[in-house]
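> Could you use the hints to bring the two separately framed chains together as a complex?
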Amino acid sequence: KAGVTQTPRYLIKTRGQQVTLSCSPISGHRSVSWYQQTPGQGLQFLFEYFSETQRNKGNFPGRFSGRQFSNSRSEMNVSTLELGDSALYLCASSLTSGGVYEQYFGPGTRLTVT
Amino acid sequence: SQQGEEDPQALSIQEGENATMNCSYKTSINNLQWYRQNSGRGLVHLILIRSNEREKHSGRLRVTLDTSKKSSSLLITASRAADTASYFCATVDNFNKFYFGSGTKLNVKP
Chain F
121 KAGVTQTPRY
131 LIKTRGQQVT
141 LSCSPISGHR
151 SVSWYQQTPG
161 QGLQFLFEYF
171 SETQRNKGNF
181 PGRFSGRQFS
191 NSRSEMNVST
201 LELGDSALYL
211 CASSLTSGGV
221 YEQYFGPGTR
231 LTVT
Chain W
2 SQQGEEDPQA
12 LSIQEGENAT
22 MNCSYKTSIN
32 NLQWYRQNSG
42 RGLVHLILIR
52 SNEREKHSGR
62 LRVTLDTSKK
72 SSSLLITASR
82 AADTASYFCA
92 TVDNFNKFYF
102 GSGTKLNVKP
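Protein sequences, first through last, are from chains F and W.
Residues are numbered in our numbering as their position in the first sequence, beginning at 1, plus a constant of 120.
Residues are numbered in our numbering as their position in the second sequence, beginning at 1, plus a constant of 1.
I should point out that these hints are in silico values taken from the structure, not numbers from a laboratory.
Mixed in with the good hints, there may be bad ones.
As the list claims (entries may be wrong) - Residues from chain W that keep clear of chain F, each with C-beta distances beyond 10 Å, as calculated:
{"#": "1", "residue": "S13"}
{"#": "2", "residue": "N32"}
{"#": "3", "residue": "R51"}
{"#": "4", "residue": "N53"}
{"#": "5", "residue": "E54"}
{"#": "6", "residue": "R55"}
{"#": "7", "residue": "K57"}
{"#": "8", "residue": "D67"}
{"#": "9", "residue": "A86"}
{"#": "10", "residue": "V93"}
{"#": "11", "residue": "N97"}
{"#": "12", "residue": "S103"}
{"#": "13", "residue": "K110"}
{"#": "14", "residue": "P111"}
Unchecked claim - Label-pair ranges, simulated between beta-carbon atoms:
{"#": "15", "chain 1": "W", "residue 1": "N19", "chain 2": "F", "residue 2": "Q137", "range": "46 to 54 Å"}
{"#": "16", "chain 1": "F", "residue 1": "N197", "chain 2": "W", "residue 2": "E18", "range": "42 to 50 Å"}
{"#": "17", "chain 1": "F", "residue 1": "P159", "chain 2": "W", "residue 2": "E18", "range": "25 to 33 Å"}
Said to hold, decoys possible - Every beta carbon over 12 Å from chain W, so not counted as near; a handful from chain F, in silico:
{"#": "18", "residue": "Q126"}
{"#": "19", "residue": "V139"}
{"#": "20", "residue": "K177"}
{"#": "21", "residue": "L201"}
C-beta: ideal position from N, C-alpha, C; glycine also.
Only chain W is shown next, with the shape it has when bound in the complex (with noise of 0.2 Å):
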């Protein structure tokens, strides 16, 4: 399956620390997004990167992307208790399906 898969699944850690999830999938992408979700509501759009991109950032967030290893990552800097909330990495193939990870639950300690 093309499904990606995050790690770790749960994350803890104390407000102002740095917060790294990872995300790996399986075959080709065209590009990667990641997206957050407040307990049991609809996803957020945080970020997108393309197949020929490395690193982007946006804020508080840098992703990296290694095509190579079929990898990414999503660094939140300076978390805030705002930031509990589950995180997905969406890879999007080159049929332009969308496919999502199970997820990376955060929960950031005020």
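Chain F on its own, in the form it takes in the complex (with noise of 0.2 Å):
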């Protein structure tokens, strides 16, 4: 089975513009959860996301948001951004909802913020 995978895995933006990010989950997955990861404050959850609905929200700002389509390919979207939110975002799917299975990460995209 493929694994996990996330596009782009680089990207540089400006602040003020927005950003969408990728995310592709194992075959068979329906939950695809984000986590932001930086050296100062660690893995973060930002949201999961289960049968095209948001289960679960982390405490960042409505700036960041997310959705799943049908297939269970999920985008999050950053808009405004700031120098704070350069970072590497972290895509991780799961069988199903529910946080009793095991969750498997893509290799991250790395947004850099100037």
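So, in structure tokens, the structure goes:
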């Protein structure tokens, strides 16, 4: 089975712009979660989608949004980028929602905001 | 915050030695999971232990969970240079939210 794929792998944006990141889960996985990883804050949960519905949300401002399509692929969008949004954004898929299954992570998208 | 704390933050050992890292958390959990991350890449799931389990093994990995102390430990036996990575514990609460700890950086010297 192919693993979780994320595109693009690297991205450079300037402050004020917006960005869309994409994640394709493992075939058959219906839950997709997004995380932000920075050296200062560590790994922080952004949101989880299951069957096109947002199931859980972390403590991030409304500039961070996401969606999931009927084929379970997911996108996350960050509007009005700030310097502090520079991070590694990780997507993880799981067989189902509920946290009782392990998550499979993609390689991440490294976003740099200048 | 529910976020777990790993201890130590960094650990350096010789190949063949055992490595032990600990994770403490603050509130009730559904399960606890350990992940490994190689330098700036995605995380790899290692092992999941449910709140009603006390110990679990997988190959060279042994995980214990003490819910009364709200702590878990990961033991890697007979470490190899390839085990060099950051190790994270993740707690899953009863609302199915994942909380990752700050990680332990393990360096295994050949």
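> If a hint holds in the structure, say so; if it doesn't, say that too.
Hints versus structure:
Every beta carbon of chain F lies more than 10 Å from that of S13(W), the smallest distance being close to 19 Å; the non-interface claim holds. With 10 Å as the threshold on Cβ separation, the claim that N32(W) sits away from chain F is violated: the shortest Cβ distance comes to roughly 7 Å. Once the 10 Å rule is applied to beta carbons, R51(W) is inconsistent with being away from chain F; the minimum gap is 8 Å. Non-interface status of N53(W) relative to chain F is upheld: no Cβ of that chain comes within 10 Å, the nearest being about 12 Å off.
Distance check for E54(W) against chain F: the nearest CB is about 13 Å away, which clears 10 Å, and the non-interface claim stands. With a least beta-carbon separation of about 18 Å from chain F, R55(W) lies farther than 10 Å from that chain, consistent with its non-interface assignment. A cut-off of 10 Å between C-beta atoms confirms that K57(W) is not in contact with chain F; the least separation is 13 Å. Every beta carbon of chain F lies more than 10 Å from that of D67(W), the smallest distance being close to 20 Å; the non-interface claim holds.
For A86(W), the condition that its CB be more than 10 Å from all CB atoms of chain F holds, with the nearest at approximately 13 Å. Some Cβ of chain F comes within 10 Å of the Cβ of V93(W); the nearest lies about 4 Å off, and the non-interface call is violated. In this structure N97(W) is not separated from chain F by more than 10 Å, as the shortest Cβ-Cβ distance comes to only about 4 Å. Residue placement check: S103(W) does not keep its beta carbon more than 10 Å from all beta carbons of chain F (closest about 5 Å).
Interface exclusion of K110(W) from chain F stands, the closest Cβ pair being 24 Å apart, more than 10 Å. Residue-level check passed: P111(W) sits 26 Å from the nearest beta carbon of chain F, beyond 10 Å. Take N19(W) and Q137(F): their Cβ atoms lie about 48 Å apart, and the range 46 to 54 Å holds. Range check, N197(F) to E18(W): about 46 Å between beta-carbon atoms, so the 42 to 50 Å window is met.
One distance hint, 25 to 33 Å for the beta-carbon pair P159(F) and E18(W), holds here, with the actual separation near 28 Å. With a closest Cβ-Cβ approach of about 8 Å to chain W, Q126(F) is found to fall inside the 12 Å limit, against its non-interface label. Non-interface call for V139(F) relative to chain W: holds, since the shortest CB-CB distance, roughly 19 Å, exceeds 12 Å. For K177(F), the condition that its CB be more than 12 Å from all CB atoms of chain W is violated, with the nearest at approximately 9 Å.
Remark: the non-interface label on L201(F) is consistent with the geometry, its nearest Cβ contact in chain W lying 21 Å away (cut-off 12 Å).
When each numbered hint is compared with the structure, violations occur for hints 2, 3, 10, 11, 12, 18 and 20.
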